[in-house]
Amino acid sequence: MSCRHPCLAGLAAGCLLLACGAAPAHAAEHVLIQKDKAFSVKKLQAKVGDTVKFVNEDPFAHNVFSLSDAKSFDLGSFGQGGSKTVTLDKPGTIEVECAVHPDMRMVIEVSK
Amino acid sequence: MPHNSRALWIGLLVTACLLNWMNSARGQAPLPRDTRDAAIFRGALVFANYCVTCHGIHADGNGRAARLYNPRPANLRLSDKNDAYLGLIVKLGGEAMGRSPFMPPWGAELTEEQMRDLVAYVRSLNERNDTPQ
Chain Z
12 MSCRHPCLAG
22 LAAGCLLLAC
32 GAAPAHAAEH
42 VLIQKDKAFS
52 VKKLQAKVGD
62 TVKFVNEDPF
72 AHNVFSLSDA
82 KSFDLGSFGQ
92 GGSKTVTLDK
102 PGTIEVECAV
112 HPDMRMVIEV
122 SK
Chain G
2 MPHNSRALWI
12 GLLVTACLLN
22 WMNSARGQAP
32 LPRDTRDAAI
42 FRGALVFANY
52 CVTCHGIHAD
62 GNGRAARLYN
72 PRPANLRLSD
82 KNDAYLGLIV
92 KLGGEAMGRS
102 PFMPPWGAEL
112 TEEQMRDLVA
122 YVRSLNERND
132 TPQ
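Top line first, the protein sequences correspond to chains Z and G. According to the working numbering, the first sequence holds residues 12 to 123 in order. According to the working numbering, the second sequence holds residues 2 to 134 in order.
Simulated from the structure, these hints should not be mistaken for laboratory data. All values reported here derive from a predicted model rather than from experimental measurement. A couple of the hints might just be wrong.
[Claimed, not checked] Here are the simulated EDC-like cross-link-like pairs (lysine to aspartate or glutamate), alpha carbons at most 16 Å apart as the crow flies:
{"hint": "1", "chain 1": "Z", "residue 1": "82", "chain 2": "Z", "residue 2": "106"}
{"hint": "2", "chain 1": "G", "residue 1": "82", "chain 2": "G", "residue 2": "128"}
{"hint": "3", "chain 1": "G", "residue 1": "92", "chain 2": "G", "residue 2": "110"}
{"hint": "4", "chain 1": "Z", "residue 1": "48", "chain 2": "G", "residue 2": "128"}
{"hint": "5", "chain 1": "Z", "residue 1": "46", "chain 2": "G", "residue 2": "110"}
Next comes chain Z alone, as it looks inside the complex (with noise of 0.2 Å):
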């Protein structure tokens, strides 16, 4: 009887790390930078679970926003030093856009 709970311990062990294992790498946070009324990249590569934080390094407001079936989003306008993160949930393309600046555009290929 004493061994018991040791084997079920060891046995719960077991069984997360084989969860852990199955588990997709840990998520990744991309850095996008909005300076001189652009995208810091124009192509971003990514993966599901992956977020994307857009951080905001002109003296003006951007306003980040998608209408992509693989993500559509609005974070709104956010000044100066500001930031707005968003989740990769879905695979698939995501066109970016800033709807104070129509020419600022950028993409992101979520894969899974």
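Given chain Z, put chain G in place with the hints provided.
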């Protein structure tokens, strides 16, 4: 492609404005810069470039991004706001005016003249008869 669609709308709007201007200007002096018609003409270009995404090409609140928002973008054709109030919403954004936080502040992007022109254009579309100017 949304980008091409916007360019197409801007092109159509510019063409329509030019044709309208050519018809009205036939046999007349060029449109003076400080007239209301000139302001509306310029305001239409500003609107087509910055506002149609949410408010739509007809300014009825049915732009391609409108589905993101609740409440939806304002139907500017039915606005009951006067010019001064419209100008403040444009300049300061919705949040500063106790309205939708998704209406960006345009004061840092547009010149004072562009914002006045925009208000003149929106006023020209208004279908209400009881709106104070």
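Would you check the hint for residue 48 of chain Z and residue 128 of chain G, treating anything up to 16 Å between C-alpha atoms as holding? violated (36 Å)
Under the criterion that the straight-line Cα-Cα distance not exceed 16 Å, is the pair residue 46 of chain Z, residue 110 of chain G satisfied? holds (14 Å)
16 Å Cα cutoff - pair residue 82 of chain Z, residue 106 of chain Z: holds (9 Å)
Restraint status (C-alpha distance of residue 82 of chain G to residue 128 of chain G at most 16 Å): holds (12 Å)
Is the Cα-Cα distance between residue 92 of chain G and residue 110 of chain G 16 Å or less? holds (9 Å)
Violated hints amount to a single one, hint 4; each of the other numbered hints is respected by the structure.
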